[in-house]
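Q: Sequences listed follow chains H and Y, in order.
Heads up: the first sequence begins at 1 in this note's numbering, then just goes up one per residue.
Heads up: the second sequence begins at 1 in this note's numbering, then just goes up one per residue.
Calculated from the structure, these hints are not laboratory results.
If a hint is listed, it holds; no wrong ones were tucked in.
Simulated crosslink set (DSSO-like; lysine-lysine; CA at most 30 angstroms straight-line):
id : chain 1 : residue 1 : chain 2 : residue 2
1  : Y       : Lys57     : H       : Lys1
2  : Y       : Lys57     : Y       : Lys78
3  : Y       : Lys78     : H       : Lys1
4  : H       : Lys71     : Y       : Lys57
5  : H       : Lys17     : H       : Lys71
6  : Y       : Lys14     : Y       : Lys78
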Amino acid sequence: KNQVEQSPQSLIILEGKNCTLQCNYTVSPFSNLRWYKQDTGRGPVSLTIMTFSENTKSNGRYTATLDADTKQSSLHITASQLSDSASYICVVSATRTGGSYIPTFGRGTSLIVHP
Amino acid sequence: GAGVSQSPRYKVAKRGQDVALRCDPISGHVSLFWYQQALGQGPEFLTYFQNEAQLDKSGLPSDRFFAERPEGSVSTLKIQRTQQEDSAVYLCASSLNLIAGDPDTQYFGPGTRLTVL
Chain H
1 KNQVEQSPQS
11 LIILEGKNCT
21 LQCNYTVSPF
31 SNLRWYKQDT
41 GRGPVSLTIM
51 TFSENTKSNG
61 RYTATLDADT
71 KQSSLHITAS
81 QLSDSASYIC
91 VVSATRTGGS
101 YIPTFGRGTS
111 LIVHP
Chain Y
1 GAGVSQSPRY
11 KVAKRGQDVA
21 LRCDPISGHV
31 SLFWYQQALG
41 QGPEFLTYFQ
51 NEAQLDKSGL
61 PSDRFFAERP
71 EGSVSTLKIQ
81 RTQQEDSAVY
91 LCASSLNLIA
101 GDPDTQYFGP
111 GTRLTVL
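The following block holds chain Y by itself, in its conformation from the complex (with noise of 0.2 angstroms):
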């Protein structure tokens, strides 16, 4: 398809498991983001990337969490020991390039809906 697809859709995982989540963006993007969304919360950021290159990761909550994207194309949000409280629907979005002053439109995926019991 030619849109953000996100998988697993759906996981669910034990407390003190370490998850991946794969985000494919649209091809040719350049930027890619990935948010954390609660029930009934707007998306929070978590980290930005520029091609490979990750250049914000300021709201990543914790150094369990880790983004990678080593080709600049498909990316992974790790999560390492995962808590009842990274429970949320992590989404992915790209754009074609988001730079300063330039009104780029992203383009979500579905998420990722994760339950961590």
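The following block holds chain H by itself, in its conformation from the complex (with noise of 0.2 angstroms):
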């Protein structure tokens, strides 16, 4: 069964420190990793989107990496703010036959920024 395992599952750290979350995944064949992130109340928004052939994404201060040996992702955020507060989910698609994938998204980490 596709799986996509997400740690830690919440974290609290000061504004302006830095912060690492982690995703592991058993998805095969592997197509695309997306990291979202989900404000209380809303629908998720992509943050970047990796295939295979890349192993980093940056978009501002987030930079996601993809190892697709070890089936392992990590988000890193930088100089973090009080708007990062909000649950950042990691989701891997596979291909499939028929023309059509399915996302497996994971639980989230929930990550706190405080003042």
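Given two chains presented individually in distinct reference frames, assemble the corresponding complex, making use of the accompanying hints.
A: Here you go:
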């Protein structure tokens, strides 16, 4: 069964500090991996997306890495801001025959940034 | 607006009632997904449409759940005889066209929070 495991489950940091969130997956055959940010009461918003050949992708203060050999990804947040407080969800998609594929979502890491 | 919209935003139902949740995807988006998100969990896939065709409904938890997208645009998720365990946020997402190997981005609506009493 395709699975996506994220750690830590929750994280509290001080404003201005850096943090790294982890994602391990067993989805196969791998197509792509996305990191989403979900603010409370809102739908997820895409931060980064990486395919098999990409091992790093940046979006402002967010940098995602991908190791397709070990099936691990990380999301690094630099110089955190209060607005970074949210749930960060790792989503991995597999290729499927027939032309469509269904993403597998992790449970998310809840990040709280304190002033 | 230009984003995915969902209605209602909040729905309270008595156990046994039928409910209908609406999703308006971004205009021109071919692919549409429904997800169920329990409190503190990540979204769980329910069903997927490409235009009006429901290509995958393997995530629907029971035959009480039914989804349609008759004209390939607006979609409705219907839950019959609601149970307390159906309480969750129901998210809709659309993308231009989600095909194998294409890392297309899904755009999510704000969700409908369903509470079954």
